[in-house]
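In the order they appear, the protein sequences are chains A and B. Using numbering that gives the first Met the number 0, you'd call the opening residue of the first sequence number 0 and step up by one each time. Using numbering that gives the first Met the number 0, you'd call the opening residue of the second sequence number 0 and step up by one each time.
Keep in mind the hints are simulated off the structure, nothing from the lab. Be a bit skeptical, because a hint or two may be false.
One-sided and incomplete, this derived list gives chain B residues near chain A with beta-carbon spacing under 7 Å [as the list claims (entries may be wrong)]:
#1 Ala63
#2 Pro64
#3 Val136
#4 Ile140
#5 Val164
#6 Asp165
#7 Met174
#8 Gly259
Take a look, some chain A residues computed to stay more than 10 Å from chain B by CB distance [claimed, not checked]:
#9 Trp35
#10 Ile184
#11 Asp189
#12 Ser220
#13 Glu284
#14 Leu341
#15 Glu389
The beta-carbon is built from N, C-alpha and C at its ideal position, and this holds for glycine as well.
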Amino acid sequence: MKKAIIILTIVALIAPMALFAQGSKEASGPITIKFWTHEDVNRNPLELQYIAEFEAANPNVKVEYTTQASGKMADIVQTAFAANQGPTIFNLPISDEYAYIVNGRVAPVDAKAAGYADYQAIKSAYVDGTLDSVTVDGKIYGLPLELTNWAILLNKGIFRDAGLDPDKDYPKTWEDMVAVSEKIIQRDGDIITRRGFDFRYGYYLEWLVPMVEQLGGKLISDDGKTAIVGDDAWLKVLTFMQQWGPNGKNLGSSTYTAARKLFNKNNGDIAMALTGYYQTARIAEENPEFYASGDLMVIPFPQFKDAVKEVANCYYGHFYMVNAQASKAEQEAAWKLIGYLLSHGDEYLDKAALPQPTKKLFESPEYKAKPYTDVFSADMEKAHIMYYSENSAEMQKLLKSAVESVMLSGVSPEKALATLKASAQELIDEN
Amino acid sequence: MSDDREASAIMKKTTYRGIEKKQARWGVAFVVPSVLFFCLFSFYPIINAMFTSLFDKRILSLAAPKFLGLGNYIYIFKSASFWNSMRATLVFTLGTFIPLLVFSLMFATFIYNICGRRSRGFFQIAYYTPAVLSSVVAAAIWLLILAPPGLGNQVLNWLCRTPGVDRKWLANGTMLQFSTMLVYFWKYIGYFVILFITGLATIPPTIYEAATIDGSSKWQSFWRITVPLLKPTILLVSVMAMLQCLKTFSTQYLFTQSGGAAQDPINVITLNIYETGIRNQRIGRASAMSIVLFVIMLVLTFAQFKISKSDDVDY
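Just chain A, same shape as in the assembly:
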């Protein structure tokens, strides 16, 4: 009996290895493409329509289209890949996707399947530099769904309600932002009931780093060996955030509902939000009265008064990528589908306000005539792609920790900077 129990236990321990072990597969017969993407009320129905068209034209291909909340996508996709169960096609911001390239988890673009003659043709189709972040050793590993930067969306009605002229009094500098927010803000004692503006907490690589760069600082030195360069710049930004928060001027905080979630409602909760061009399409969809009211305005990313360099909010790209563990047939079908989807750049812009960074689109009169694209385009000229590397997520977390410590935990900017420097340097040295 004891022997039987021991044998059974050993079998129970070994059995999972047989069950879960998987290598790459070679498919035969009908092809199923698992397509995972983030939720977008405007883009998802558009892509489902294109997928139906693609399936009709390619009867041996079936596409399973799954959407998740954007905040959850990185974890879900990563967990799936860790179990070798990753989707055939997926998209994430490049800061999350880069690790997939360096770890060989995604396949290079099949130019012909995607509708291009060769890699040179792909590069020629896109705005210069757009594909740099997904090009490694001469191979391109993704095609851009969108290239997005953030500017400030402004609600003119709230400005007027606060006695301000939105066309003249909109904030051009961060110092203006503080002054304007102080005029717009309403409180019940300490509790804010209407904010002028609030930051996009959690996404510090996108907006905090440009603020530091405006003052001459850097996240990483040019040679890539030193982290957190320019102490004065970093101190000034951390002090600014400390003053912004509940222990300073109390103009906003991460503990209030995110600005971009309230802005669309036009309920008088928030006057300005830092967000992308895609938000305008969401406003048109969710609150058409607000969209058509003429009270929506877009202003450039503010600069510090004593900025040494004009830097706008970083842009980031979402790239469609293909799982390297998918069979050759699945990869080819996947690139064919991606090529088909992305050939509808005009409709992505019209219906989902997602500008694909193709030369054809960016230089078209139609794009330039779209409302608000002029501000986003002008800001993009002054911006660079957000920091991406295998450890982007860790770097993001370190910045989050630094800002939270000064804003919420009462830590001095000097101490927060010292901790940030040490941790970020350790991260750079480890990798």
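Place chain B on chain A using the hints.
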């Protein structure tokens, strides 16, 4: 003589199976599925984590991981982040486990002594209801309550006649820790109340009657009869509550991800494991932390069992 030798030889050849062993076979047959399940979903992951903790394994990497031996353990024991997580976990556990134990016993005694069956049932349901909610829903509800304009501030300001004061439930480090303890306490108190009520029901009322006849007050009966005889239940509740507090994750995760709360004050060990393994992709290091947590839980559980065995009470 030869008959004895023959009988002995037959005995040696024949394997004697008593009735107890025959019955035991059925017991083993019923237990084997659970053992298999445990081996597959608990034992195997523990062994796998122990093995992974010896390597520098990255979650997305297909390359063979580099063997570090105890390198991951040395790193985490030198890491300020790990010790902050230990502090956060210890503070949370002590701040939640002790009130859970004390108040669940108090509420159970109160409910058990209510005369009406309906009233007793009502209170049991009222206390237990939060336990059936998922942790995600519970955290989402409390995030709305504890947000600056939420009910938490409004009710407290009304009670204390302090309009407009922001208690910074999610902003201040100390208040944030208190908030997570409050949510956990609210969610799980009912579960342990029910366990105590079950334990109280096993104590024969005749013992209380005899004590009353002998002149014992309610307070004396509680300390001299109820608590000693409830020891097995107290042990069960204390072990379960302590282990659950050490493993807490969803409240802290949701508070920091959805609620915008600062992470460092409530960066409990499980949250650190998640961040290290999933966000930072260092699954080897995360495995080392989870083994350390496992050892801590094992040691504390063993200690609790040892302490409780010291003076068992029989009647």
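Each hint tested on the structure:
1. Using the Cβ-Cβ criterion of 7 Å, the hint placing B/Ala63 at the interface with chain A is not satisfied: the shortest such distance is roughly 13 Å.
2. For B/Pro64, the shortest C-beta to C-beta distance to chain A is roughly 12 Å, which exceeds 7 Å, and the interface hint is violated.
3. With a least beta-carbon distance of about 16 Å to chain A, the hint placing B/Val136 at the interface is violated under the 7 Å criterion.
4. The criterion of a C-beta within 7 Å of any C-beta in chain A is not met by B/Ile140, whose closest approach is roughly 15 Å, and the hint is violated.
5. Because the closest C-beta pair between B/Val164 and chain A is about 6 Å apart, less than 7 Å, the hint holds.
6. Interface hint at B/Asp165: satisfied, since its Cβ lies 4 Å from the closest Cβ of chain A, which is below the 7 Å cut-off.
7. About 10 Å separates the beta-carbon of B/Met174 from the nearest beta-carbon of chain A, more than 7 Å, and the hint is not met.
8. The interface hint given for B/Gly259 is met, as the beta carbon of that residue sits about 3 Å from the closest beta carbon of chain A, less than 7 Å.
9. At roughly 16 Å, the least C-beta separation between A/Trp35 and chain B is larger than 10 Å, which holds for a residue marked as non-interface.
10. For A/Ile184, the condition that its CB be more than 10 Å from all CB atoms of chain B holds, with the nearest at approximately 13 Å.
11. Listed as outside the interface, A/Asp189 is inconsistent with that label: its C-beta sits roughly 4 Å from the nearest C-beta of chain B, within the 10 Å cut-off.
12. Its beta-carbon lying about 22 Å from the closest one in chain B, A/Ser220 satisfies the requirement of being farther than 10 Å from that chain.
13. A/Glu284, annotated as away from the interface, keeps every beta carbon of chain B farther than 10 Å; the closest lies near 23 Å.
14. For A/Leu341, the non-interface assignment is confirmed: its Cβ lies about 25 Å from the closest Cβ of chain B, beyond the 10 Å cut-off.
15. Once the 10 Å rule is applied to beta carbons, A/Glu389 is inconsistent with being away from chain B; the minimum gap is 8 Å.
Hints 1, 2, 3, 4, 7, 11, 15 from the earlier list are contradicted by this structure; the remaining hints agree with it.
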